[in-house]
Amino acid sequence: MWEKKPILFLLLATATILVGTIVTMVLPFAWVNTEHDRIETVTPYSALEQEGRDVYIREGCNNCHSQTIRPLVAEVLRYGEYSKSGEFVHDRPFLWGSKRTGPDLARIGGKYPDEWHYKHMDSPRAMVPKTNMPDYGWLTENSLDPDMIRRKMDVLDFPYTEDEIKALAGKNEMDAIVAYMQKLGTGIPWREAAATEIVGELENPFKGDAAAIAAGKAVYDANCAACHGDDLSGDIGPELTDMSAYDDAILYEIIYSGITDGGMPPFASLGSTKVWQLVNFLMYRE
Amino acid sequence: MEKPEYNYAVVRGFVNWSILWGLVAILVGVIAAIQMTNPELNFPPYFTFGRLRPLHTNAGLYGWGVGSIFAMFLYIVQRLCKVRLWSDKLATFQLWLFNITIIGAAVTLLLGYTTSKEYHELEWPLDIMVVVLWVAFAINIIMTIVKRKEEQMYISLWYMLASIVGVAILYLVNSAEVPVSLFKSYSAYAGTNDANVHWWFGHNAVAMAFTAPPLAMFYYFLPKTTGAPIFSHRLSIVAFWSLIFMYLWTGAHHLLWTPVPDWIQTLAMGFSVMLIAPSWGSVFNGYLSMNGQWHQMRENYLVKFLIVGITFYGLQTLQGPMQAIRTFSAFIHYTDWVPAHIHMGTMGWVSMIAFAGVYFLVPRIYGRELYSVPLANLHFWLILVGQLIWTISLWIAGVLQAGMWNAMNPDGSLTYTFMETMVEMYPFWWARTIGGVIFLIGVIVFIYNLIKTAKGGAPAPAAEGRA
Ligand code: HEM
Ligand code: HEM
Numbered sequence: 001m002w003e004k005k006p007i008l009f010l011l012l013a014t015a016t017i018l019v020g021t022i023v024t025m026v027l028p029f030a031w032v033n034t035e036h037d038r039i040e041t042v043t044p045y046s047a048l049e050q051e052g053r054d055v056y057i058r059e060g061c062n063n064c065h066s067q068t069i070r071p072l073v074a075e076v077l078r079y080g081e082y083s084k085s086g087e088f089v090h091d092r093p094f095l096w097g098s099k100r101t102g103p104d105l106a107r108i109g110g111k112y113p114d115e116w117h118y119k120h121m122d123s124p125r126a127m128v129p130k131t132n133m134p135d136y137g138w139l140t141e142n143s144l145d146p147d148m149i150r151r152k153m154d155v156l157d158f159p160y161t162e163d164e165i166k167a168l169a170g171k172n173e174m175d176a177i178v179a180y181m182q183k184l185g186t187g188i189p190w191r192e193a194a195a196t197e198i199v200g201e202l203e204n205p206f207k208g209d210a211a212a213i214a215a216g217k218a219v220y221d222a223n224c225a226a227c228h229g230d231d232l233s234g235d236i237g238p239e240l241t242d243m244s245a246y247d248d249a250i251l252y253e254i255i256y257s258g259i260t261d262g263g264m265p266p267f268a269s270l271g272s273t274k275v276w277q278l279v280n281f282l283m284y285r286e
Numbered sequence: 287m288e289k290p291e292y293n294y295a296v297v298r299g300f301v302n303w304s305i306l307w308g309l310v311a312i313l314v315g316v317i318a319a320i321q322m323t324n325p326e327l328n329f330p331p332y333f334t335f336g337r338l339r340p341l342h343t344n345a346g347l348y349g350w351g352v353g354s355i356f357a358m359f360l361y362i363v364q365r366l367c368k369v370r371l372w373s374d375k376l377a378t379f380q381l382w383l384f385n386i387t388i389i390g391a392a393v394t395l396l397l398g399y400t401t402s403k404e405y406h407e408l409e410w411p412l413d414i415m416v417v418v419l420w421v422a423f424a425i426n427i428i429m430t431i432v433k434r435k436e437e438q439m440y441i442s443l444w445y446m447l448a449s450i451v452g453v454a455i456l457y458l459v460n461s462a463e464v465p466v467s468l469f470k471s472y473s474a475y476a477g478t479n480d481a482n483v484h485w486w487f488g489h490n491a492v493a494m495a496f497t498a499p500p501l502a503m504f505y506y507f508l509p510k511t512t513g514a515p516i517f518s519h520r521l522s523i524v525a526f527w528s529l530i531f532m533y534l535w536t537g538a539h540h541l542l543w544t545p546v547p548d549w550i551q552t553l554a555m556g557f558s559v560m561l562i563a564p565s566w567g568s569v570f571n572g573y574l575s576m577n578g579q580w581h582q583m584r585e586n587y588l589v590k591f592l593i594v595g596i597t598f599y600g601l602q603t604l605q606g607p608m609q610a611i612r613t614f615s616a617f618i619h620y621t622d623w624v625p626a627h628i629h630m631g632t633m634g635w636v637s638m639i640a641f642a643g644v645y646f647l648v649p650r651i652y653g654r655e656l657y658s659v660p661l662a663n664l665h666f667w668l669i670l671v672g673q674l675i676w677t678i679s680l681w682i683a684g685v686l687q688a689g690m691w692n693a694m695n696p697d698g699s700l701t702y703t704f705m706e707t708m709v710e711m712y713p714f715w716w717a718r719t720i721g722g723v724i725f726l727i728g729v730i731v732f733i734y735n736l737i738k739t740a741k742g743g744a745p746a747p748a749a750e751g752r753a
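From first to last, the protein sequence lines stand for chains A and B.
Residue numbering for the first sequence follows the working numbering, starting at 1 and increasing by one per position.
Residue numbering for the second sequence follows the working numbering, starting at 287 and increasing by one per position.
The reader is advised that the hints may include incorrect statements.
Derived pair list, reagent style EDC-like, types lysine to aspartate or glutamate, alpha-carbon separation capped at 20 Å [what the hints assert, rightly or not]:
#	chain 1	residue 1	chain 2	residue 2
1	B	Lys510	B	Glu436
2	A	Lys5	B	Glu436
3	A	Lys130	B	Glu655
4	A	Lys84	B	Asp548
5	B	Lys470	A	Glu253
6	A	Lys99	A	Glu115
7	A	Lys119	A	Asp175
8	B	Lys435	B	Glu291
9	A	Lys217	A	Glu253
10	B	Lys435	B	Asp548
11	A	Lys4	B	Glu436
12	B	Lys433	A	Glu253
13	B	Lys470	B	Asp548
14	A	Lys130	B	Glu436
15	B	Lys368	B	Glu437
16	B	Lys368	A	Glu3
By construction, these hints were calculated from the structure, which means they are not laboratory data.
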């Protein structure tokens, strides 16, 4: 019977489609982004950050980078505290992504100093030789349009001050995207919570061992050279040629836990063996 | 002069243009693949990976995929209803609006005007064009069906109608946005809601645009080509209604382990697994219709395209539900495994069926027999081998990548840094490029064959009267 009546057929098909739609797409509005999800410390984007977000969208960074951390052991270890619904309430559109050609960026904010981002965006391969991320140095040539950004803030209904808009005048798109990077994932104070407490006595297991020093050099080249220089002479981070002010245990702690407010990322995820190798490389190389 | 019985001119238009956009998509796909191994080939601002990848997906899915669907639907609806299209003018309008929209999409995506939502990147002015385009198409198909001369609507027409309403609902809801300027808007939904709405759209766009329409073509072209009817009408009915019912529950399988509420994820997981049944209903129906006809696999190149196409559909609908299971998703989500899933679907299923459809239409729309069947066979082998190299290398890459991302030392630290895992991908990305180039050569052979046909193949006997 329905096989002979196209209009009836259309109505039946529509009704069939709507069942799952209503349950899994319409109803969730009652649960999501409600008071239940609200996180006090999560604030809207500033004018500069929002503009950076729009540059991120325009350049399609989401084609290579995701922005949600799943509650899985290795993932939390690699990227940080898993993502909460309340952290995204100001995101229009969402930028969770579906492919990690590059690392997740949900908690990139505060991981590196601004200077690192400027250098990395300008020329990713200068920092990370084998990366396939495109160069974005040309963003510095595009200055911002404060009037347009004010309009965006109005449409989004985000708070801003006239001074904040005025301050945009001399800035460019690179400043905006770096500001956006530094905002990501900082809505909750997760870094403090995640800082690993080192318990017990720290004993260097390889003291002066040549193999450990050689291994430490390789770990250094891959993870530290971009900031401290190939020859330890310093760049974004300080010179590391003279470690006489430290002992093994303190150095271990610096590398393991980082100096978060100083721009030195924690390297706990490397594991204690590699961190000890680094300590031996920095303290006891010839 | 009396009007010919059917409007084939507009079908020819859609076939030609969709192939052109397909060629563009594949070329851009190869360029994007090379950029992943050779980042120095990014030419900012317009030709960086971040802008070319959406151009590739839009040209592939909408230019080639939807373009060829328009062609096939406009043909099939006339034949199954035994009447000419309701409106020739509307169909011509649809053809030109389609081309303008695709060109507009290509230009705006390169300029960086994008909403960032995968498969719905186009900004609001283009959204409006897409809606007008779909309404024009819908009216023509529905009105042609309404004034049909054949009382019973054949299976293909069901899938067509479902696809027409399905796409309309999905696209409209997911388009809700607030413009700030001509080429910038903000989504009407925020954060987790936006994600949930979007993947409800995203997955069902696959259902309503890349499952239902190729099935409509398959159900039409297979019996036409083999001369044997579809095995079971009842099976088609059950498969159809359960397919369109179940698909809509599964969007959140793209969002497993994310902040989307758990119960939505669990429903998505359950329904995805259940989807195996209606999907394989069609696969079995196709296979069983071949009973006693299997020798045609050797003799008739068209049957080869159709049967290999439905086989990849079958594999796709086993792999998809597997990916929708939380534990498996935890492993492969975000990895290179997923592009391999996608390309088995787009290159192995949608494109295979669309190529078969074009070959079937050749004598009808060009009035000539195909220039060379051996070239069609060569085309078949090149796209099959190209696709297999593409997908198999990335499945391996995906598993390797997932394994390394999750590898942990006994002290609970990570075994590999991100870059240590990424550099392992390069050889597989190279293999992908090689597979892509083979596929591209296959498509060029196809186009060459069509041009030779149009320019001087043997006239097809009474092409007009052929059913
Ligand atoms: C029963 C049928 C299917 C199921 C249950 C299914 C399931 C899935 C799942 C779970 C994903 C997400 C993978 C991830 O990111 O972790 C996915 C992605 C995808 N599938 Fe399928 N699939 C099915 C059939 C198909 C078919 C027939 C096509 C046709 C081309 C297709 C095209 C895609 C595309 C394009 C994506 C990528 C979405 C993105 O950008 O992330 N799928 N599928
Ligand atoms: C020569 C053939 C092709 C090549 C070399 C190619 C290459 C690529 C590359 C490099 C990507 C990006 C993958 C990533 O980000 O990791 C991609 C994504 C994609 N391609 Fe293709 N492609 C080809 C054919 C096609 C065709 C014919 C279609 C559609 C009809 C298609 C649809 C897609 C889709 C939907 C995605 C998005 C994948 C995702 O969301 O993860 N491709 N392709």
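Verification of the supplied hints:
no., hint, result
1, B/Lys510 / B/Glu436, "holds, 17 Å"
2, A/Lys5 / B/Glu436, "holds, 12 Å"
3, A/Lys130 / B/Glu655, "violated, 52 Å"
4, A/Lys84 / B/Asp548, "holds, 13 Å"
5, B/Lys470 / A/Glu253, "violated, 48 Å"
6, A/Lys99 / A/Glu115, "violated, 27 Å"
7, A/Lys119 / A/Asp175, "holds, 12 Å"
8, B/Lys435 / B/Glu291, "holds, 13 Å"
9, A/Lys217 / A/Glu253, "holds, 18 Å"
10, B/Lys435 / B/Asp548, "violated, 50 Å"
11, A/Lys4 / B/Glu436, "holds, 9 Å"
12, B/Lys433 / A/Glu253, "violated, 80 Å"
13, B/Lys470 / B/Asp548, "violated, 33 Å"
14, A/Lys130 / B/Glu436, "violated, 63 Å"
15, B/Lys368 / B/Glu437, "holds, 10 Å"
16, B/Lys368 / A/Glu3, "holds, 16 Å"
In this structure, the earlier hints numbered 3, 5, 6, 10, 12, 13, 14 are contradicted, and the remaining ones agree with it.
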